[in-house]
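Participant: Starting from the known structure of chain A, fit chain B onto it as the hints suggest.
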Amino acid sequence: GAVVSQHPSWVICKSGTSVKIECRSLDFQATTMFWYRQFPKQSLMLMATSNEGSKATYEQGVEKDKFLINHASLTLSTLTVTSAHPEDSSFYICSARVPLGLAGGNEQFFGPGTRLTVL
Amino acid sequence: QQQVKQSPQSLIVQKGGIPIINCAYENTAFDYFPWYQQFPGKGPALLIAIRPDVSEKKEGRFTISFNKSAKQFSLHIMDSQPGDSATYFCAASRDQIQGAQKLVFGQGTRLTINP
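These protein sequence lines map, in sequence, to chains A and B.
1 is the number of the first residue of the first sequence in our numbering; add one for each residue after it.
1001 is the number of the first residue of the second sequence in our numbering; add one for each residue after it.
Extracted from the complex, chain A is given alone in its bound form (with noise of 0.2 angstroms):
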């Protein structure tokens, strides 16, 4: 149980495009996802926190209006890096927060991780 999917696994995209990543909670509801960056051999950087049926929370030096989260449901939640540049370029990764009750407490499961190449 507990596994959360992610699509695309990678993606190339021209600069100035937008590029949409989806977080899918596969056998379970989340009402929390979470949103990261990872740059080559360094940490996770969370970027935001997204809850259904909600706006997203972003972490300090974000640009929300970069990085548009959506949680449409409690199986999906969407990140739309728009008007991308080369500097995007990164591995995000998305992860899920098990309901109370299923693992315990607080329990977060990630995505295999979309590696996005911005030309």
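Treat the hints with care, since some could be wrong.
With a straight-line cut-off of 27 angstroms between C-alpha atoms, the simulated DSS-like cross-links for lysine-lysine are [unchecked claim]:
(1) B:LYS1071 - A:LYS64
(2) B:LYS1015 - A:LYS41
(3) B:LYS1005 - B:LYS1042
(4) B:LYS1057 - B:LYS1015
(5) A:LYS66 - B:LYS1015
(6) B:LYS1005 - A:LYS55
(7) B:LYS1058 - B:LYS1071
(8) B:LYS1005 - B:LYS1068
(9) A:LYS64 - A:LYS20
(10) A:LYS41 - B:LYS1071
(11) B:LYS1102 - B:LYS1058
(12) A:LYS14 - A:LYS41
(13) B:LYS1015 - B:LYS1102
(14) B:LYS1068 - B:LYS1015
(15) A:LYS66 - A:LYS41
(16) B:LYS1057 - A:LYS20
(17) B:LYS1042 - A:LYS20
(18) B:LYS1042 - B:LYS1068
(19) A:LYS66 - A:LYS55
(20) B:LYS1058 - A:LYS66
(21) B:LYS1015 - A:LYS64
(22) B:LYS1057 - A:LYS66
(23) A:LYS14 - A:LYS64
(24) B:LYS1015 - B:LYS1042
(25) A:LYS14 - A:LYS66
(26) B:LYS1042 - B:LYS1057
(27) B:LYS1102 - B:LYS1068
(28) B:LYS1058 - B:LYS1042
(29) B:LYS1068 - B:LYS1058
(30) A:LYS14 - B:LYS1042
(31) B:LYS1058 - B:LYS1015
(32) B:LYS1102 - B:LYS1005
(33) B:LYS1071 - B:LYS1005
(34) A:LYS20 - B:LYS1102
(35) B:LYS1071 - A:LYS66
Keep in mind that the hints were calculated from the coordinates and are not lab data.
Facilitator: Leaving out everything else, chain B in the frame of chain A:
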């Protein structure tokens, strides 16, 4: 106060050895401490987690030792294998019932197990 400091940055151990990775935190409100394993190009996978009501937790070859007074916790991998070669991250959060608590990650440890 939100930081979690992880060491060492990299570690090389011979097969069968016991690598130990250490983490230290400042925020005494943290009460959930997971460890994640990440292979190149993959997302982190939850390995094992501990809450401060116990000083040690063991799952298979992985053991967490927790020292609440020192605000430190560590991961031990028994009988390490080359397949354990990966990057390991410790993390901490407040395990509140209401609301989703953010995980604060350590810097990561690149572990290599030589055959």
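Participant: If a hint holds in the structure, say so; if it does not, say that too.
Facilitator: Quick rundown of the hints versus the structure:
As the CA atoms of LYS1071 of chain B and LYS64 of chain A are separated by approximately 35 angstroms, the hinted pair breaks the 27 angstroms bound. A hinted pair counts as satisfied when its Cα atoms are at most 27 angstroms apart, and LYS1015 of chain B with LYS41 of chain A qualifies at roughly 23 angstroms. Annotation: proposed proximity of LYS1005 of chain B to LYS1042 of chain B holds, straight-line Cα distance about 23 angstroms (limit 27 angstroms). Between the alpha carbons of LYS1057 of chain B and LYS1015 of chain B the distance comes to roughly 23 angstroms, so the proposed pair stays at or under 27 angstroms and holds.
Distance restraint check for LYS66 of chain A and LYS1015 of chain B: the Cα-Cα separation of roughly 46 angstroms exceeds the 27 angstroms cut-off, and the hinted pair is therefore not satisfied. Pair hint LYS1005 of chain B plus LYS55 of chain A does not hold up; C-alpha atoms about 31 angstroms apart against a cutoff of 27 angstroms. Our distance criterion of 27 angstroms between C-alpha atoms is met by LYS1058 of chain B and LYS1071 of chain B, whose separation comes to about 19 angstroms. A distance of roughly 15 angstroms separates the Cα atoms of LYS1005 of chain B and LYS1068 of chain B; the hinted pair therefore holds under the 27 angstroms criterion.
For the proposed pair LYS64 of chain A and LYS20 of chain A, the alpha carbon gap of about 14 angstroms is at most 27 angstroms, so the pair holds. The straight-line distance between the Cα atoms of LYS41 of chain A and LYS1071 of chain B is roughly 26 angstroms, inside the 27 angstroms bound, and the hint therefore holds. A hinted pair counts as satisfied when its Cα atoms are at most 27 angstroms apart, and LYS1102 of chain B with LYS1058 of chain B qualifies at roughly 24 angstroms. Taken as a hint, the LYS14 of chain A and LYS41 of chain A pair is honoured in the structure, with Cα atoms around 25 angstroms apart against an allowance of 27 angstroms.
For a cut-off of 27 angstroms, the pair hint linking LYS1015 of chain B to LYS1102 of chain B is broken: about 35 angstroms separates their Cα positions. A threshold of 27 angstroms between alpha carbons decides the hint, and for LYS1068 of chain B with LYS1015 of chain B the separation of about 31 angstroms lies outside it, so the pair is violated. With a C-alpha separation of about 24 angstroms, the suggested pairing of LYS66 of chain A with LYS41 of chain A holds against the 27 angstroms cut-off. The straight-line distance between the Cα atoms of LYS1057 of chain B and LYS20 of chain A is roughly 40 angstroms, outside the 27 angstroms bound, and the hint therefore fails.
Restraint check for LYS1042 of chain B and LYS20 of chain A: satisfied, since their Cα atoms lie roughly 19 angstroms apart, inside the 27 angstroms limit. Proposed proximity of LYS1042 of chain B and LYS1068 of chain B is contradicted: the alpha carbons are some 32 angstroms apart, above 27 angstroms. Distance hint between LYS66 of chain A and LYS55 of chain A is fulfilled; the C-alpha atoms sit about 15 angstroms from each other, no more than 27 angstroms. For the proposed pair LYS1058 of chain B and LYS66 of chain A, the alpha carbon gap of about 43 angstroms is over 27 angstroms, so the pair is violated.
Restraint check for LYS1015 of chain B and LYS64 of chain A: the C-alpha separation of about 46 angstroms exceeds 27 angstroms, so the hint is violated. Annotation: proposed proximity of LYS1057 of chain B to LYS66 of chain A is violated, straight-line Cα distance about 42 angstroms (limit 27 angstroms). For the hint pairing LYS14 of chain A with LYS64 of chain A, the CA-to-CA distance comes to about 21 angstroms; that is within 27 angstroms, so the pair holds. Distance restraint check for LYS1015 of chain B and LYS1042 of chain B: the Cα-Cα separation of roughly 23 angstroms lies within the 27 angstroms cut-off, and the hinted pair is therefore satisfied.
For the suggested pair LYS14 of chain A and LYS66 of chain A, the alpha carbons sit about 16 angstroms apart, so the restraint of at most 27 angstroms is met. Taking the CA atoms of LYS1042 of chain B and LYS1057 of chain B, the gap is near 26 angstroms; set against the 27 angstroms cutoff, the hint holds. For a cut-off of 27 angstroms, the pair hint linking LYS1102 of chain B to LYS1068 of chain B stands: about 20 angstroms separates their Cα positions. Taking the CA atoms of LYS1058 of chain B and LYS1042 of chain B, the gap is about 25 angstroms. The hint holds against a cut of 27 angstroms.
Proximity of LYS1068 of chain B to LYS1058 of chain B is assessed by CA-CA distance (about 17 angstroms); at most 27 angstroms being required, the pair is judged to hold. Of the supplied pair hints, the one linking LYS14 of chain A and LYS1042 of chain B holds, its CA atoms being roughly 24 angstroms apart against a limit of 27 angstroms. The suggested pairing of LYS1058 of chain B with LYS1015 of chain B holds, with an alpha-carbon distance near 20 angstroms, which does not exceed 27 angstroms. For the hint linking LYS1102 of chain B to LYS1005 of chain B, the alpha-carbon distance of about 16 angstroms falls within 27 angstroms, and the restraint holds.
The hinted pair formed by LYS1071 of chain B and LYS1005 of chain B meets the criterion: a straight-line CA distance of about 11 angstroms does not exceed 27 angstroms. Among the hinted pairs, LYS20 of chain A with LYS1102 of chain B is consistent with the structure: their alpha-carbon atoms are about 23 angstroms apart, no more than 27 angstroms. Taking the CA atoms of LYS1071 of chain B and LYS66 of chain A, the gap is about 38 angstroms. The hint is violated against a cut of 27 angstroms.
Checked against the numbered hints given earlier, this structure breaks hints 1, 5, 6, 13, 14, 16, 18, 20, 21, 22, 35; the rest are met.
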